[in-house]
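Student: Given chain A's structure and the hints, the job is docking chain B with the ligands onto it.
Residue numbers (our numbering), protein chains in the order written: chain A, 1 to 162; chain B, 163 to 553.
Hints were generated in silico from the structure; no laboratory data involved. Treat the hints with caution; some may be incorrect.
The calculated DSSO-like cross-link candidates involving lysine-lysine, where the alpha carbons are at most 30 angstroms apart (straight line), are [stated by the list, open to error]: (1) B:540 to B:441; (2) B:164 to B:239; (3) B:538 to A:147; (4) B:164 to A:147; (5) B:441 to B:538; (6) B:164 to B:538; (7) B:441 to B:488; (8) B:488 to B:463; (9) A:147 to B:441.
If you want the building blocks of each chain, they are given just below.
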Amino acid sequence: MRWLIGGAVVVAGGVVARRLLGGTDQGDGHRQRGQARRRGPQWHVATVNRPAGDVAPGGQLPEPLAGLGDAVEVQLRPAPGDQGTEIAVRLRDGSRLPVAAAARRATGRDPEQAIRAALRESKQLIETSEVLHPDYPPTTEPTPMNKPLRMATQQGRREGRL
Amino acid sequence: MKALVWEGANELAVRQVPDPQLRNEQDAIVRVRRTVTCGSDLHLLGGYIPFMERGDVLGHEFLGEIVEVGPQVRNHKVGDRVVVCSFVSCGKCWYCQQQQFSLCDNGNTNPMITENVWGAAPGGCYGYSHALGGFAGSHAEYIRVPYADQGAFTVPDEVSDERALFASDAAPTGWMGADLAGVKPGDVVAVWGAGGVGQMAARAAVLLGADRVIVIDRLDNRLQMAQTHLGVETLNYEQQDVSGELLERSGGRGPDVCIEAVGMESHSSGPQFWYDQVKQQLRIESDRPIAAREAIYNCRKGGSVFILGVFAGLVDKFPLGAVMNKGLTLRGAQQHGQRYIPMLLERMARGELVPEHLATHTMTLDEAPRGYEMFKQKLDGCVRAVFQPTS
Ligand SMILES: NC(=O)c1ccc[n+]([C@@H]2O[C@H](COP(=O)([O-])OP(=O)(O)OC[C@H]3O[C@@H](n4cnc5c(N)ncnc54)[C@H](O)[C@@H]3O)[C@@H](O)[C@H]2O)c1
Ligand SMILES: [Zn+2]
Ligand SMILES: [Zn+2]
Chain A
1 MRWLIGGAVV
11 VAGGVVARRL
21 LGGTDQGDGH
31 RQRGQARRRG
41 PQWHVATVNR
51 PAGDVAPGGQ
61 LPEPLAGLGD
71 AVEVQLRPAP
81 GDQGTEIAVR
91 LRDGSRLPVA
101 AAARRATGRD
111 PEQAIRAALR
121 ESKQLIETSE
131 VLHPDYPPTT
141 EPTPMNKPLR
151 MATQQGRREG
161 RL
Chain B
163 MKALVWEGAN
173 ELAVRQVPDP
183 QLRNEQDAIV
193 RVRRTVTCGS
203 DLHLLGGYIP
213 FMERGDVLGH
223 EFLGEIVEVG
233 PQVRNHKVGD
243 RVVVCSFVSC
253 GKCWYCQQQQ
263 FSLCDNGNTN
273 PMITENVWGA
283 APGGCYGYSH
293 ALGGFAGSHA
303 EYIRVPYADQ
313 GAFTVPDEVS
323 DERALFASDA
333 APTGWMGADL
343 AGVKPGDVVA
353 VWGAGGVGQM
363 AARAAVLLGA
373 DRVIVIDRLD
383 NRLQMAQTHL
393 GVETLNYEQQ
403 DVSGELLERS
413 GGRGPDVCIE
423 AVGMESHSSG
433 PQFWYDQVKQ
443 QLRIESDRPI
453 AAREAIYNCR
463 KGGSVFILGV
473 FAGLVDKFPL
483 GAVMNKGLTL
493 RGAQQHGQRY
503 IPMLLERMAR
513 GELVPEHLAT
523 HTMTLDEAPR
533 GYEMFKQKLD
543 GCVRAVFQPT
553 S
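Bound conformation, chain A alone:
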């Protein structure tokens, strides 16, 4: 069973509520499956240990996912085995050339990265009511040896395999 929710923060409340409460839209479902076979933007999925009603109360997506606005498509569906709710997010526009993606990544403006970070943080906020921060101030110092690791951990806060 699938629900499609516009990434825009405000979707007509009644429509989303109906979908959350179990009404599926056949047309949307078919369209999703059709698109999955084509090469389109990648879905990023995380499972949140809460029922769908807590994840998007009244159809309202949590921040920072809500902040992604119309740029993304969001689906919520119950995770099997009582594991909570799966949140799936992908960019709305078509697929991208790898070269362009690499360039955006290098400049830190990769929208896929922003999606992953938003998913991870939304999950933490819903489950624990906070985003866990690393220790501060740091006790470490930069050295040539640890430069790659420092770069990796900076990226690592934003994304992983998610």
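Tutor: Okay, now just chain B with the ligands, sitting in the frame of chain A:
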């Protein structure tokens, strides 16, 4: 404040670092009264886990007093004497609710590293490299404790600091190994490694009703300690034939449960050691799994093997054939301390679990580099070096 920091492979120093701060509403700051070395630190110290930065504070097994709490901390207040689980876990995600706390989805602020290396990220751990969150460790005067309601446990008045300290890591790790390996009354249990973790696993097996518990190591002082304090049998693998003895002591069947509490720097006197040592140094193999191989080989058909020792990556000559053809159950985990600590503190209060003999050396934080040297080289019978950053 003063802290013991990692400066590079096999280089430690005590120096001034910034005091920790509350960073989240569920955090507490703990003034550290006792903090202790763990075999896991040796893997970091030796540079086997390549995710350390100069200045990282070591230490993850500790006890102290709460001196500051965030506004969302409900179960603790300033002044509480607490022992803190070495793993940082939120208590709210699906894994935490399944009591698999070290698998917490939210406790690691750097999930990318382990997601890429292992396919998914476990929770965070204090003083255990940037792969496990980069949290500053406990060998310091103060430490930040995230999710304090989940990870910090008030110590009952009747349990001393010396005893409760081990409820942080060694005791719950050992208990978890015996519990999740399924030790039950009547079992024959073999434990590789007579360090703090192996000894606690052996004691847990006794308390869970095992008929015979056999601890294997080469260090006589540790084996002697296990006999005296835990009421178990021992085997010295340099002087005795481990396979032959285990068969003889288990009616020719092999142990029902085999617990590996040695880890990636496993030692042996045979050519196997040099084979793995050379490959490890050349970085062809990241871990030396000698005791793990033996545990699998010696386990009875249909038995259970639990890997408590820490492994970071890839091993070689892994006896998968024995696992498959003998129908073994093979499991491992970082410790799910939050699941066991309250029960362990009760057992400590009743005098059933008495781990303070592990603390062979107690010293100030300034002496910590020497403490690690003794612990690493197993000098002067050192099993655990305990530091007292504040009194
Ligand atoms: N799973 C967890 O959550 C967890 C928690 C704490 C520690 N650990 C790991 O447990 C392991 C043991 O920790 P420790 O603090 O007891 O370490 P330790 O270094 O004090 O003890 C290890 C013992 O293993 C012995 N040993 C080495 N090679 C052996 C072999 N081939 N056969 C039998 N014994 C052998 C050593 O002589 C030593 O006594 C380490 O790998 C550590 O990282 C895991
Ligand atoms: Zn440890
Ligand atoms: Zn959790």
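Student: Are the hints correct? Go through all of them and say.
Tutor: Hints versus structure:
At most 30 angstroms may separate the alpha-carbon atoms for a hinted pair to count; residue 540 of chain B and residue 441 of chain B meet this at roughly 24 angstroms. Restraint check for residue 164 of chain B and residue 239 of chain B: satisfied, since their Cα atoms lie roughly 24 angstroms apart, inside the 30 angstroms limit. A distance of roughly 28 angstroms separates the Cα atoms of residue 538 of chain B and residue 147 of chain A; the hinted pair therefore holds under the 30 angstroms criterion. Taken as a hint, the residue 164 of chain B and residue 147 of chain A pair is honoured in the structure, with Cα atoms around 25 angstroms apart against an allowance of 30 angstroms.
For the proposed pair residue 441 of chain B and residue 538 of chain B, the alpha carbon gap of about 21 angstroms is at most 30 angstroms, so the pair holds. Taken as a hint, the residue 164 of chain B and residue 538 of chain B pair is honoured in the structure, with Cα atoms around 22 angstroms apart against an allowance of 30 angstroms. For the hint linking residue 441 of chain B to residue 488 of chain B, the alpha-carbon distance of about 28 angstroms falls within 30 angstroms, and the restraint holds. Pair hint residue 488 of chain B plus residue 463 of chain B holds up; C-alpha atoms about 5 angstroms apart against a cutoff of 30 angstroms.
At most 30 angstroms may separate the alpha-carbon atoms for a hinted pair to count; residue 147 of chain A and residue 441 of chain B meet this at roughly 26 angstroms.
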